[in-house]
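Visitor: Given next are the chains, with one letter for each unit.
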Amino acid sequence: MERSTLGLKLPEGMRDLLPGELASLEALEGKAIQVCKNWSYQKVATPGLEYRACVEPDANKEDRLYKFFDKNGHIVVLRPEFTTPIARMVSARQRGGIFPLRYCYSGDVYRNDSSRYREFRQVGVELVGSGSDIADAEVIALAVEIMKALEIRNFQLSLGHNGIFSGLAQEMNFSPKLREELEDGIARKDMVKMESVISQSELPEAAKDLLLSMPHLTGKEDVLNKLQSWNHIPAIRRAVESLRTIYLYLKDFGVQEFVSLDLGILRGFSYYTGAIFEGYLPGIGSPVIDGGRYDGLYSDFGINLPATGFAVNLGIMIEQLQDYEVENADILVYGQSPGAVIKRCRELRKGGKKVEMALGYITDTDARKMASSRGISELERVES
Amino acid sequence: MTKNFITIALPKGKLLEDSVRLLNHAGIDCRSVEEDSRKLMFELTGSEARIIICRPTDIPTYVEYGAADIGFVGKDTLVEQNLDVAELVDLKFGYCRFVVAMPEETKPPKLADGSYDLSVLNHKRAATKFPRVAQMFFSERGMQVTPIKLHGNIELAPRVGLAEMIVDIVSTGTTLRQNKLVEIAPIMEATTRMIANRVSYRIKYERIQGLAEKIRELI
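Taken in sequence, the protein lines are chains P and Y. Mapping the first sequence onto our numbering, position 274 (from 1) lands on 274, and the numbers just tick up by one. Mapping the second sequence onto our numbering, position 172 (from 1) lands on 172, and the numbers just tick up by one.
Note that these hints are calculated values from the structure, not bench results. Wrong hints could be hidden among the right ones.
What the hints assert, rightly or not - DSS-like cross-link-like pairs, simulated, lysine-lysine; straight-line CA separation at most 25 Å:
1) Lys3(Y) <-> Lys148(P)
2) Lys193(P) <-> Lys92(Y)
3) Lys12(Y) <-> Lys39(Y)
4) Lys177(P) <-> Lys31(P)
5) Lys226(P) <-> Lys180(Y)
6) Lys226(P) <-> Lys37(P)
7) Lys208(P) <-> Lys177(P)
8) Lys14(Y) <-> Lys208(P)
9) Lys180(Y) <-> Lys124(Y)
10) Lys124(Y) <-> Lys149(Y)
11) Lys353(P) <-> Lys343(P)
12) Lys12(Y) <-> Lys92(Y)
13) Lys61(P) <-> Lys43(P)
14) Lys208(P) <-> Lys226(P)
15) Lys214(Y) <-> Lys180(Y)
16) Lys193(P) <-> Lys31(P)
17) Lys208(P) <-> Lys180(Y)
18) Lys214(Y) <-> Lys193(P)
19) Lys220(P) <-> Lys3(Y)
20) Lys369(P) <-> Lys353(P)
21) Lys39(Y) <-> Lys180(Y)
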């Protein structure tokens, strides 16, 4: 049946990839996965469809999911990320696993929002079962090594910590309303709202100062010294110590120069509990790496495990990366007898060559033209 | 282009003059912007910056994608579009309010506390340039009101029966009076904001924060 106008289009945020474009994406993906494997991360896959109850248990929350009903009337969604599905998988199939588990993945994720790419490729890792600072440092260093392997030079990684805000909230006994308003302000990155909520709150002046200054605590190690006066709050002290330790390990990993400390990383409070980090590339308006520690997620799945990890949003940076060449065939085979041509092609392929077969008889001149236009260096005419 | 180079998106129209004045005072010499009202892009060679002039409603989009590092835009537009940008400073100018308004003759009865009884407006329609704001306001009150998106001259809609009420921004109230409309409920207040792309704000932090602080001192 002939297609209607709609049938000729793609849904918003979707795109096709031609051979050159796909070659670039796959080359990058392959390099990134190779680095992960060199660090002993094993590749896993989870399905494209999950129950909504898995990826977003809060039924009232506004979400950005592509949703469908299955035959039983349950809501299923296209996966918006891999971290939660991997937690589901580990809790279901690796309860007795040997921890820490190191998993990596690559695949497309789907987000039904207004962004340019609503389906894009992610490569990422999860390090499950270790709550130590060295685990955080390992995944951050791995993220840097991946960017280096992708030959991306001008990226910047920012490292922050969710424990400072939550420690303060707990210590100062934030009312649920205040907490909700601040979290909303942080998620929306609305500093104007945060300022007015903070200054109108009944918090002590020092706490107000800390909250107001957090977005501006950015730089190298010295930003941590500015938090010294909060050492009496255990959660803040732990967060600062942990950042300091991670930062030192990053030096051992040889990646410290790529990472700055930034307590102003503004992110919604989804599932992150500890050190969080983001990777930026000039010219790309959203982070190309999202990562951090999420020690509460696995307990939602009935298995209490600390974990950390990150995802590289390969799909959103593809246009900034160099083109990779499509692999052309090694040889073009042509001739008058189809049977003889097919036979010769089979022999050559068996021998490991990439072979293009002319469909129907062509002259020597046409064969030369065809080969040169397709970047095929060798020609073979089969005599019958 | 150096790391500290920034692109600033300014809204054409009534907010432009105030925005340019503020930037001038903050040390970004953009007098050239005032001289030529048809140009859309100005390279400010002395200031490591360039200015682009956009439709006010497009500014969050330029900033979200990072095509502009910072922008000046009304809170009304920000709330309606709900895009992923960082909101840095309340610039205090361009004050307006979101209100629900109705024709004088069909306004709802008043409740004991002096406010209008909005509950009689269920199953009615509201003409607006801001369907998201309207929807949020009514649905938070459990009301079923259908927003009808228009692009201008909202006041016309109730007069020809397209909608029973309007949701719009008012600054002085003159337009409402001229069209025999009365405000029946306030929704929220809005002023102009300085916004930044979330990645630019982190990688060009010093430049952008420096500018934000200078601006904050001026208002």
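Visitor: Any of the earlier hints contradicted here, and which numbers?
Guide: Checked against the structure, the hints that fail are numbers 4, 5, 6, 8, 13, 15, 16, 17, 21, while the rest are satisfied.
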